[in-house]
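Asker: These are the residues of each chain, in order.
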Amino acid sequence: MSAGLPGIGIGGLFFILSALCMPFVELARTIRGGSSRSRWRIVGRQSAMAWAIVFAVERMLWLTKVVPSVVEGAGQAGGMGRAAVAAAAQVPAHALPVMPILVTFACLAVVVVGAFALRLIDR
Amino acid sequence: MGETSTTTAVGSVPTERSAPRRAAATVTVIVPAYNEASSIAATVRSLRSQTLPPARIVVVDDCSSDGTDEIAQREGAVVVKPPKNTGSKAGAQNFALPLVETPFTLTIDADTTLAPDALEKIMAAFSDDRVAAACGFVLPQRVRSAWERGRYLEYMFAFNFYKPIQDYYEKPLISSGCFSAYRTKVLRELGGWSTQTMAEDMDLTWTLYQRGWKVRFVPEAISYPLEPHDHNFVCKQLKRWSHGFVQNVRLHWRDILHLNYLRSVVAVAFWDALVASLAVLIVIPLLALTVSPLFLLGYLIDAPAILIPAVVGGIKRRELRRVLACYPGFLLLRMVNSWFMLKAMWSELLVGRSLSVYEKGH
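First to last, the protein sequences are chains P and W.
Everything in the first sequence is counted per the working numbering, starting at 1 for the first residue and increasing by one.
Everything in the second sequence is counted per the working numbering, starting at 1 for the first residue and increasing by one.
Derived from the structure by calculation, the hints contain no laboratory data.
Here the structure is a predicted model, which is why all the values come from computation and not from measurement.
All clues stand as given, with none of them false.
Rough simulated footprint, nothing fancy, chain W against chain P, three-plus residues with beta-carbon under 8 angstroms:
| hint | segment |
| --- | --- |
| 1 | 10-21 |
| 2 | 50-62 |
| 3 | 111-119 |
From the three backbone atoms N, C-alpha and C, an ideal C-beta is built for every residue, glycine too.
Just chain P, same shape as in the assembly (with noise of 0.2 angstroms):
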């Protein structure tokens, strides 16, 4: 079973920072002469489908900008066309929807830190 709900929320954004952290324990596993090749190849493939997650989902926030831009275009221009296109045009490449992805570090940072203290105070 998947505890919480997989993709959706913290976890997914929880998940792909530790596989992004891999690379680094890795390191300093190896400079303790603790690491193998195999660990390496399980570091690498993970670590890559956290980069190739972030990279599509940029790429997905963007449309969800472009979408609405696309369909105001095509509201004001009577139908899908050059109003449209240029409308989608006008959304710059890297225009992220900054305040939920905020909120949504936040909430991580609130939830792992939180369960941190708690562990302090229940000693």
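Once you have looked at the hints, place chain W on chain P.
Answerer: Showing chain W alone in chain P's frame:
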């Protein structure tokens, strides 16, 4: 274990058809079964054809009425039967635990088959003396209905992305009950599988961590359970899983706080079970109705996060088209999952109505 030690095995103990190889004498398989006549033969056969055959296959026939015992016996398993239905998978497994004479015990659901080398692969995890349990990769045996498709994609995602990361940080969230191996000695020390929650596998996994043991995920060891194919079975399974998760958090939260990484995994899963469920069922539809239909895109926003690991797994298994075709089923399953998560939170934490009756989901 008190309840199991007073009962007696009444089933006959047939002789194994062929003598297992010497290396195999270390594992006993326990198969809890209740009315599994349609699937038990395939399960036992897949166990018998392992590259590392088990020393014994013990099917616990939990008072079935469909002839599960006869079929299992005919296939060459040792069949034991408690005097009355034990009421849960944990109860059935505990009934067989005293019969195990090998250093390792493997549990597998009666509707699950294994890849021919699964046992051999999973046992490799125990070369580390600190490992008390190991679990494998899970994929639905049958992918036909929308529910099975949803589950297929969920597993392709979770077992290709979440689980290897959890294993890297040495804290797989759960050693799945449908296919896991354990050190028998440790199982006995813990008193077998606890019947306190609806998710005995999660309970045991977290208890092992608390006692300082390691749990491993072995992706090369592949199992194929039959997943719920219709709405009725899906609901029973999700009800059990969601209540089981909440019950385990309630039971173990203090101890989990002191376990690095698992603490964060559980906290994040708990948050998502509550907040993401609310978003899926209430916030997104409300925004779509009151502000703009474009908010429905919120359901697809994480499509890449789900699909990329699943596609990677799909390419490896040459099942790419199946992965893509299963995405709508996944969205459906996630909606229903959200509903059950919220209901479980409400019942277990707010109303104080804890689920105590184990209903078989499949």
